[in-house]
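Could you put the whole structure together from the sequences, leaning on the hints where they help?
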Amino acid sequence: MGIWWANYIVTKEMESEGMELTEFYNAINVDVNVVIGRLGLTERHLKKYLGKFRNNQEFNKMSKAVEEKDYTNVEWAAHTLKGVASNLGLNLLQGTCQQMVDSVRSGNTDEIEALYKIVAVDYEKVMGLLAQVEFDE
Amino acid sequence: MKKEKALILIVDDQEMNRALLSDMLEDDYRIMEAADGLEAIELMEAKTTQIACILLDVRMPNMDGFEVLTRMKRGHLLEQIPVIMISNDDSPQSVEKSYSLGAADYINRPFNNYIVKKRVENTIFLYQKTKTLTELVAEQVAEKEKNNANMITVLSAIVEFRNGESGNHTLKIRIITEILLECIMRKYPQYELTYSAIADMSNAAALHDIGKITIPEEILNKPGKLTTEEFAIMKTHSAVGADMLDKMRDLVEYNNMFEYARQICRWHHERWDGRGYPDGLSGAAIPLCAQVVALADVYDALTSERVYKPPFSHETALNMIYNGECGQFNPQLLEALKEIGNTLQDKIMQNSLHQDKLFDTQEISNEILVKKDVLSERTISLIEEERTKYQFLAALSNEIIIDYDVSTDIITFSEKGFTELGLPLSVEHFKDNLDKIKLISKEELSDLFEKVHATTPMMSIIREQYEIVQQNGESAWFEVILRSMWTRDIVPGIKSVIGKIMNINEQKVEIQRLESLVERDTLTHLYNRISAQRRIEHILKAANGKTGIYIFLDIDNFKHLNDKNGHIFGDRVLLRIAEIISNNIRIEDVAARIGGDEFIIFIRDIASEDVAVNQIERIYNAFENIMEEQKITVSMGVSIYPADGTGFAELTDYADKALYEAKNRGRDQYIFYRDIS
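Chains A and B are the protein sequences, given in the same order. Its first residue numbered 1, the first sequence is counted upward by one per residue in the numbering used here. Its first residue numbered 1, the second sequence is counted upward by one per residue in the numbering used here.
Be careful, since some hints might not be right.
Calculated cross-link-like contacts (lysine-lysine; reagent style DSSO-like; alpha-carbon spacing at most 27 Å) [to be verified]:
| id | chain 1 | residue 1 | chain 2 | residue 2 |
| --- | --- | --- | --- | --- |
| 1 | B | 117 | B | 146 |
| 2 | A | 52 | B | 146 |
| 3 | B | 118 | A | 48 |
Negatives, chain A to chain B, calculated, CB over 12 Å [stated by the list, open to error]:
| id | residue |
| --- | --- |
| 4 | 71 |
| 5 | 94 |
| 6 | 105 |
| 7 | 111 |
| 8 | 113 |
| 9 | 114 |
| 10 | 121 |
| 11 | 135 |
Hints in this document: simulated from the structure, not taken from any laboratory. Built from N, CA and C at the ideal position, the CB exists for glycine as well.
Pasting the structure below:
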């Protein structure tokens with residue numbers, strides 16, 4: 001018959017240039033296998049959640065709240081974001097969000113602005129990396 | 001048949017979290033989701049009996065997790081559905097609040113598949129066990145009541161058969177009695193009625209006319225009015241019935257029901273004003289059960305057909321009773337009758353159709369569970385709560401907690417014991433496995449055991465200190481504090497021992513340092529007078545006649561030296577003397593500075609007095625070249641133990657005299673006491 005399909009497959013592979021999950025997690029210093037092991041699910045599941053995470057509104061809510069100095073909502077957004085981040089193994093985001101929550105709770109609101117900048121940086125990094133991941137839509 | 005998967009409700013405002021948990025659990029359970037507290041409550045109320053477990057977040061809009069727990073408790077849903085908190089917030093306050101509001105468990109984030117599954121599984125299992133238990137008890141109760149009821153039905157049927165009465169008189173008396181008693185229980189709590197008592201009284205009511213067996217049939221079934229004599233005979237049925245039951249005391253299990261039956265039999269014809277029979281009791285002297293049956297009997301007699309009368313209507317009967325036409329009754333009972341009056345007929349109809357559901361077995365079984373030896377659900381959950389708090393706080397504390405239970409012979413240590421000291425987390429059959437504890441020697445351990453056994457309920461705490469090698473290889477001082485817990489028996493025994501192990505190394509080391517400070521001269525670090533005396537006396541006590549040398553030494557012309565060269569020079573001299581002394585004695589000997597420029601040296605366990613002389617010569621020569629800048633000399637007075645004396649005071653005195661002589665003879669020499677005595 002001839003291997004007419006071989007070309008087809010090779011071409012297909014060359015086409016997809018998206019990042020794989022392992023790369024994504026390596027870029028944020030997390031062992032993807034640990035995350036998958038803990039969740040007891042498959043890579044497909046994790047990808048699904050990460051895909052959903054891209055659409056989360058928490059960071060926007062946090063930004064708005066920081067601007068309006070609405071510290072209750074800052075705490076809420078940070079708390080929620082932290083929870084999601086921890087479940088998905090996005091450790092760097094989890095840490096800064098926890099600090100944010102602690103700051104508001106201890107009444108140390110001057111730190112908030114500074115912490116927010118750090119959260120923003122971490123968040124941008126994660127989102128930036130996520131944008132490069134190949135998601136099956 | 002495939003068993004249906006249990007239903008779990010997941011409550012969290014974040015879709016991601018719900019999705020995560022759902023994915024983890026969907027293989028083994030059916031999943032329902034809610035995005036906030038309000039939704040959750042609605043779902044719960046709609047599907048109460050189907051939900052096996054709820055996973056509940058704390059932070060949600062509209063209604064948070066705490067509010068949900070509170071609502072559930074109020075609606076008695078917490079008793080049926082276990083709640084596991086899934087929150088981001090694991091601060092101790094949040095955890096404690098959840099538990100105190102009735103949560104069954106707490107799962108932290110990030111979620112771990114295995115843990116989540118296991119917790120859900122275990123929690124559901126536990127709750128089902130409790131439910132099954134309650135159901136079992138209810139079943140048993142129902143069985144028992146049914147058996148009771150059956151037996152009595154048989155008896156009553158016999159009586160009724162002879163009576164020629166129809167219309168299920170006994171059954172109706174039981175029903176009316178029960179309904180009346182339930183109403184009294186609600187209205188008049190001072191009677192302290194319980195569901196169990198009501199069941200017993202109602203069953204007993206069926207036996208109220210058992211005495212009629214002895215009444216001749218012609219009188220029993222006479223259609224017309226009874227003569228005085230006939231009536232007298234009829235009246236005996238109450239006393240006779242009571243006697244019959246009384247005689248049964250040795251034959252049957254004479255429980256509450258029988259006693260009620262006896263009372264009812266004898267006194268169900270007494271009246272409130274004392275004009276009843278056979279004893280003419282009045283007022284509260286008539287037991288409540290008899291009063292109620294009396295009223296029920298009258299009501300039923302009025303509303304049923306009898307050989308001597310047709311049935312009256314419900315209203316007529318009530319009126320006749322209220323008007324006192326059938327004798328006087330307890331006004332409270334009449335109030336109760338008034339209250340249920342309208343519904344009485346219906347209830348009789350209902351209940352007589354469902355004879356086996358005469359009593360509220362659910363309530364009775366609840367009461368049984370509340371009695372002394374069996375714990376109520378509430379108590380069990382309180383105990384669970386305390387245990388959880390205790391474990392949680394123990395884990396937080398920095399100490400190693402010990403818990404030993406005598407009856408199970410199991411000892412447990414908190415995790416810190418493992419990480420710091422390599423202790424096992426638990427040891428079974430502890431008494432036989434003491435060697436599993438490798439921290440202290442077997443003797444020390446047995447000794448500790450004995451001390452624990454010697455405690456009493458009043459003096460229950462012991463403290464011991466041990467030097468223990470830790471996991472990191474370093475040894476440190478630890479204090480073990482133990483307290484024995486006692487049973488409440490007449491002769492109390494130890495039922496458990498609790499305690500902790502604390503690292504006291506810092507304090508110990510500090511104390512040792514302070515002790516040595518107290519014992520020593522600050523400048524030279526030789527012993528001071530007091531501790532020198534103590535030590536020497538100690539040595540003398542154990543000396544057993546072995547020769548010892550006591551030297552009293554002082555620096556010649558020290559004051560002059562000090563004045564001429566200054567105190568700093570003086571201090572240097574003192575230090576130098578101390579150094580020379582230390583270099584020329586052994587550890588077991590004692591060297592002290594007892595003031596100014598005076599020193600004592602005690603050398604123990606010398607072979608013989610000749611050796612002693614050599615020693616003195618040697619020591620004296622050691623002071624040959626004290627300081628380079630200047631010639632400094634010392635004088636020494638020497639007394640020998642035991643040759644010169646055996647006590648500290650003696651030896652001191654003699655050495656002192658010898659020193660004095662040395663000074664007199666021009667200093668820079670040593671004198672033996674025996675040479676001048």
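Evaluated hints:
1. At roughly 43 Å between alpha-carbon atoms, residue 117 of chain B and residue 146 of chain B are farther apart than 27 Å, so this suggested pair is violated.
2. Proposed proximity of residue 52 of chain A and residue 146 of chain B is contradicted: the alpha carbons are some 61 Å apart, above 27 Å.
3. Distance check on the hinted pair: residue 118 of chain B and residue 48 of chain A sit about 24 Å apart at the alpha-carbon level, within 27 Å; holds.
4. A cut-off of 12 Å between C-beta atoms confirms that residue 71 of chain A is not in contact with chain B; the least separation is 15 Å.
5. For residue 94 of chain A, the condition that its CB be more than 12 Å from all CB atoms of chain B is violated, with the nearest at approximately 8 Å.
6. Non-interface status of residue 105 of chain A relative to chain B is broken: a Cβ of that chain comes within 12 Å, the nearest being about 9 Å off.
7. For residue 111 of chain A, the shortest C-beta to C-beta distance to chain B comes to about 19 Å, beyond the 12 Å cut-off, and the non-interface label holds.
8. Annotated as non-interface, residue 113 of chain A keeps its C-beta farther than 12 Å from every C-beta of chain B; the closest such distance is 23 Å.
9. Under the 12 Å C-beta cut-off, the non-interface status given to residue 114 of chain A relative to chain B holds; the minimum distance is some 23 Å.
10. The beta carbon of residue 121 of chain A sits about 22 Å from the closest Cβ of chain B, which is more than 12 Å, so the claim that it is off the interface holds.
11. Residue-level check passed: residue 135 of chain A sits 15 Å from the nearest beta carbon of chain B, beyond 12 Å.
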